[in-house]
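Asker: Letter by letter, the chains look like this.
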Amino acid sequence: MAAPKKGRQGTQGRPGRTLALILIAIVALTGGMFASGHSTPRLGIDLAGGTSITLQAKNEPGQKNAINPTNMNTAVDIMNRRVNGLGVTEAEVQTQGDSNIIVNIPKGTNSEQAREQVGTTAKLYFRPVLTTEVSGGDPAASPSPSASSSASTGSDKDTDKDKATDKATSSASPSATSSTQGRAVTDALKADPTPSGSGSASSSPSASPSASTDPATAKLQAEYTALDCTKKTVRAKAGDGAKASDPTVACGQNSQGQWQKYILGPAEVEGTDVDKASALFDTQGAAGWKVTMDFTSKGAKKFASITGKLAQNQSPQNQFAIVLDGEVVSDPYVSQALTGGSAEISGSFKQQEAEDLANMLSYGALPLTFTEASVDTVTAALGGEQLEAGLIAGAIGLALVIIYLVAYYRGLSLIAIASLLVSAVMTYVIMSLLGPAIGFALNLPAVCGAIVAIGITADSFIVFFERIRDEIREGRTLRPAVERGWPRARRTILVSDFVSFLAAAVLFVVTVGKVQGFAFTLGLTTLLDVVVVFFFTKPLMTILARKKFFAEGHSWSGLDPKRLGVQPPLRRTRRVSAPVDTKEA
Amino acid sequence: MSKLGTLGARLHRGEIGYDFVGKRKLWYGISILITITAIVGLAVRGLNMGIEFQGGAVFTTERTSVSVSQAETYAEEASGHDAIVQKLGNGALRIQIAGIDTGKSDQIKQELAKDLKVNPEKINAALVGPSWGDQVANKAWQGLAIFLVLVVIYLAIAFEWRMAVAALVALIHDITITVGVYALVGFEVTPGTVIGLLTILGYSLYDTVVVFDSLKEQTKDITKQTRWTYSEIADRSINGTLVRSINTTVVALLPVGGLLFIGGGVLGAGMLNDISLSLFVGLAAGAYSSIFIATPLVADLKEREPQMKALRKRVLAKRAAAAAKGESLEAPVVDDGYDEDHEDADATPAVVGPRAQRAQPSSRGRGRGRPSGKRR
Numbered sequence: 001m002a003a004p005k006k007g008r009q010g011t012q013g014r015p016g017r018t019l020a021l022i023l024i025a026i027v028a029l030t031g032g033m034f035a036s037g038h039s040t041p042r043l044g045i046d047l048a049g050g051t052s053i054t055l056q057a058k059n060e061p062g063q064k065n066a067i068n069p070t071n072m073n074t075a076v077d078i079m080n081r082r083v084n085g086l087g088v089t090e091a092e093v094q095t096q097g098d099s100n101i102i103v104n105i106p107k108g109t110n111s112e113q114a115r116e117q118v119g120t121t122a123k124l125y126f127r128p129v130l131t132t133e134v135s136g137g138d139p140a141a142s143p144s145p146s147a148s149s150s151a152s153t154g155s156d157k158d159t160d161k162d163k164a165t166d167k168a169t170s171s172a173s174p175s176a177t178s179s180t181q182g183r184a185v186t187d188a189l190k191a192d193p194t195p196s197g198s199g200s201a202s203s204s205p206s207a208s209p210s211a212s213t214d215p216a217t218a219k220l221q222a223e224y225t226a227l228d229c230t231k232k233t234v235r236a237k238a239g240d241g242a243k244a245s246d247p248t249v250a251c252g253q254n255s256q257g258q259w260q261k262y263i264l265g266p267a268e269v270e271g272t273d274v275d276k277a278s279a280l281f282d283t284q285g286a287a288g289w290k291v292t293m294d295f296t297s298k299g300a301k302k303f304a305s306i307t308g309k310l311a312q313n314q315s316p317q318n319q320f321a322i323v324l325d326g327e328v329v330s331d332p333y334v335s336q337a338l339t340g341g342s343a344e345i346s347g348s349f350k351q352q353e354a355e356d357l358a359n360m361l362s363y364g365a366l367p368l369t370f371t372e373a374s375v376d377t378v379t380a381a382l383g384g385e386q387l388e389a390g391l392i393a394g395a396i397g398l399a400l401v402i403i404y405l406v407a408y409y410r411g412l413s414l415i416a417i418a419s420l421l422v423s424a425v426m427t428y429v430i431m432s433l434l435g436p437a438i439g440f441a442l443n444l445p446a447v448c449g450a451i452v453a454i455g456i457t458a459d460s461f462i463v464f465f466e467r468i469r470d471e472i473r474e475g476r477t478l479r480p481a482v483e484r485g486w487p488r489a490r491r492t493i494l495v496s497d498f499v500s501f502l503a504a505a506v507l508f509v510v511t512v513g514k515v516q517g518f519a520f521t522l523g524l525t526t527l528l529d530v531v532v533v534f535f536f537t538k539p540l541m542t543i544l545a546r547k548k549f550f551a552e553g554h555s556w557s558g559l560d561p562k563r564l565g566v567q568p569p570l571r572r573t574r575r576v577s578a579p580v581d582t583k584e585a
Numbered sequence: 001m002s003k004l005g006t007l008g009a010r011l012h013r014g015e016i017g018y019d020f021v022g023k024r025k026l027w028y029g030i031s032i033l034i035t036i037t038a039i040v041g042l043a044v045r046g047l048n049m050g051i052e053f054q055g056g057a058v059f060t061t062e063r064t065s066v067s068v069s070q071a072e073t074y075a076e077e078a079s080g081h082d083a084i085v086q087k088l089g090n091g092a093l094r095i096q097i098a099g100i101d102t103g104k105s106d107q108i109k110q111e112l113a114k115d116l117k118v119n120p121e122k123i124n125a126a127l128v129g130p131s132w133g134d135q136v137a138n139k140a141w142q143g144l145a146i147f148l149v150l151v152v153i154y155l156a157i158a159f160e161w162r163m164a165v166a167a168l169v170a171l172i173h174d175i176t177i178t179v180g181v182y183a184l185v186g187f188e189v190t191p192g193t194v195i196g197l198l199t200i201l202g203y204s205l206y207d208t209v210v211v212f213d214s215l216k217e218q219t220k221d222i223t224k225q226t227r228w229t230y231s232e233i234a235d236r237s238i239n240g241t242l243v244r245s246i247n248t249t250v251v252a253l254l255p256v257g258g259l260l261f262i263g264g265g266v267l268g269a270g271m272l273n274d275i276s277l278s279l280f281v282g283l284a285a286g287a288y289s290s291i292f293i294a295t296p297l298v299a300d301l302k303e304r305e306p307q308m309k310a311l312r313k314r315v316l317a318k319r320a321a322a323a324a325k326g327e328s329l330e331a332p333v334v335d336d337g338y339d340e341d342h343e344d345a346d347a348t349p350a351v352v353g354p355r356a357q358r359a360q361p362s363s364r365g366r367g368r369g370r371p372s373g374k375r376r
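Chains as they are written, first to last, in my numbering: chain E, 1 to 585; chain D, 1 to 376.
Quick caveat, the hints were computed from the structure, so don't treat them as lab data. Every residue, glycine too, gets a C-beta built ideally from N, C-alpha and C. Honestly, I wouldn't trust all of these hints.
Stated by the list, open to error - Stretch-level coverage of chain D by chain E, calculated; a stretch enters the list once three of its residues show a Cβ under 8 Å from a Cβ in chain E:
1) 113-122
2) 138-150
3) 198-206
4) 275-288
5) 301-311
All chains should be built: construct the whole structure from the sequences, respecting the hints.
Answerer: Okay, structure coming up:
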């Protein structure tokens, strides 16, 4: 309850200063709005139209019947959360037919980015690196590949140590890998002495000694030899259809921007083991943007065990690859078991990339692969007339409210109307600014919500006015009446606004999509209500209470003691009984 | 409005007052009746769920010159459901209609082709799933449940558990009535409706809390006096906040009424109508329930407390004693009649300047000298 205290000091002592402050704030916000070039709130798809993307689920080899209603619904849910991020963008996701998903994105959203976000499968695996070399070009001419793996991984406390080890490793084994690749891979696949193979009996690629004759191994080797990661089409196909439990080939780009090819062991940790991911700017080191992940308890155990095993290996088999949708994003070295339950992926991420990746990791992998069937622009679902009619009707309703307030509160209605106006301007400006800031989009339900908010905002000063009038009825003059009425009114306003805000906060945290957008609007208007009442209505009232017009109870001031029914002292003699005593509670 | 102005004054002085708590049985009865009607309406007619909840069919036409609103009318005529029509970038129309299955979609396709004057072969029809899948709906329910638990805890701490219970009953009452009206009118339930309902939820509680706040304040030292019972004070606090309740409700209902009657009336059914109807009914019910249901319910529950029972006994005993002495101090209801007769005659000639107010009748200001300052 810091606000009331502040309010009391600020408003009672120097109402003028408080008023000036809030007016400056409004002017600054409005100026900011025009300066940023977003002078209208971004509208939702129902009011402004936008882009409609149709995605078609693709049948993958080895996964028959994968396209079923359950998977489709899961995909819709995941896409909804990805594209709605904060839940205020008002995007819509729904299934169409048996294998299509339509994603509608309101105008003004970066539709390119949204398309990438919704369609990406985001299958994330942590796989041990069995072998790697720079792809394409002459291996001998390339710099030492081990030096290329600058990305580091580990729980926070381990990071520094990791980096140190990275350096040590790269210098110690300058070119160990490129020349010995061929042998390394066969060794790895034969797998007996290397811990990465034998360590985990359950999931080792082909741990049996007979593996060397295994046709699958030979095939993998052949695939690896043929793999040319510099070609985009080849890259996209690398490791296609590989199961998590099989070794596979993959491509990845190293920090020098070269393409590197890998043979990777079976996945030890999966994207589903990631509990939460977030994008972070690394201020130490020069790593730039990175993505940190927290594992679930199961994932943390798995991660600790795999890093423990890998740490005992020689390069490159002490590396593991973070594979996203078949591509190696990062291939850090491991020097010791990482038990912190968290890891980070660093690469040459741009901010947007890091955020997108974190988003995808947090919200999970799509159970299906999708291709874009069509992209269309669509007009508003509700048509312009609906919005226009809404605005006209809202304006008429508002005019009625003003007429009512003027008729009932007379002069006081000036304060009421000014407060409503300030509240409206602030809501509008903040909504406009939130459009570019967090993708906030206003839809028709939110517009209606804002109209109801008129009632809630008005309630605050109605409570206040009624308190003041009650004080006057008890015989006080205006100035003490305002100061005595305020603390009680303030408490009522805070208690009831708290309930409203609680509703908004809970709905915002728990729900997704449109409900979240609504909760945001509700919370915003509730907060603004408190701000306006404390920093505008109250100080304005204090100032006006000094004006003769109000203080003397002019018959048009709304504070005319006669109209309020202050009882003249004359009546005391006649009416000493019941009604007077009923006042005592 | 001057009538309303003096109403405030007279309510304040306790000269007039409606016996809300005393006549609670009547209001409980009325509310139960309305609630039953709503539940029956819901059971018999069911809710007409929109495309966002139950899915439907989407028709994509070839390029056409028919306007969006015209196509909307055609689609609604052909199907009998609300339709959402969007124009695509290439001039084609996308028409979404709720509650259509495969069999019916062919028939509608033919009709649409005729109305829009396009080749039925060129209309592509597909079934769409709900954009508000089960998961979205479940999350909303989950959020609602958490919120209700938290709000009950909050009310129980800030006020007391009886008020939390009463607020919850009033809330359920409001939601039932609103949903019932929806079923009876047969409007389609869209996300807008749900959001309208959530708004009502917040508003209903908000309104109840304001009344409870005044009730709590007035009953703070209730056991230290023997003049009034809890129910009577509850009544006084409702009457004391009545002007606020009326004004707030009017101010909230006017713009929503504008949306409903002007916006909706001019344009016919639409999203605007859906939202404003649920808001209008819900806001009115919210104001009604906090006065007629929540507060009497608190009084009812409170009167069961031994403390309050004892107080009632003391108050009644004191009144009986006073009556025996021939004093006419109590029985405010009788006095109300008396005051009302005289009020209008008194008020007009009594011209009082601001100075005069200071010379207050000492009896009226009796509470003011006390540190507790009860009458603020």
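Asker: Given that the segment 301-311 of chain D was listed as covered by chain E, double-check it with a C-beta distance under 8 Å for 3 or more residues.
Answerer: violated (count 0)
Asker: Under a C-beta cut-off of less than 8 Å, do 3 or more residues of the segment 138-150 of chain D approach chain E closely enough to confirm the stated coverage?
Answerer: holds (count 8)
Asker: Establish whether the coverage given for the segment 113-122 of chain D by chain E is satisfied; the threshold is a Cβ-Cβ distance below 8 Å, and no fewer than three residues must meet it.
Answerer: violated (count 0)
Asker: Quick check: do three or more residues in the segment 198-206 of chain D have a beta carbon closer than 8 Å to a beta carbon of chain E?
Answerer: Holds: 7 residues of the segment 198-206 of chain D have a Cβ under 8 Å from chain E.
Asker: Can you confirm whether chain E covers the segment 275-288 of chain D, using C-beta to C-beta distances below 8 Å and requiring at least three such residues?
Answerer: With 4 residues close enough to chain E, the hint holds.
Consistency note: the structure conflicts with the earlier hints numbered 1 and 5.
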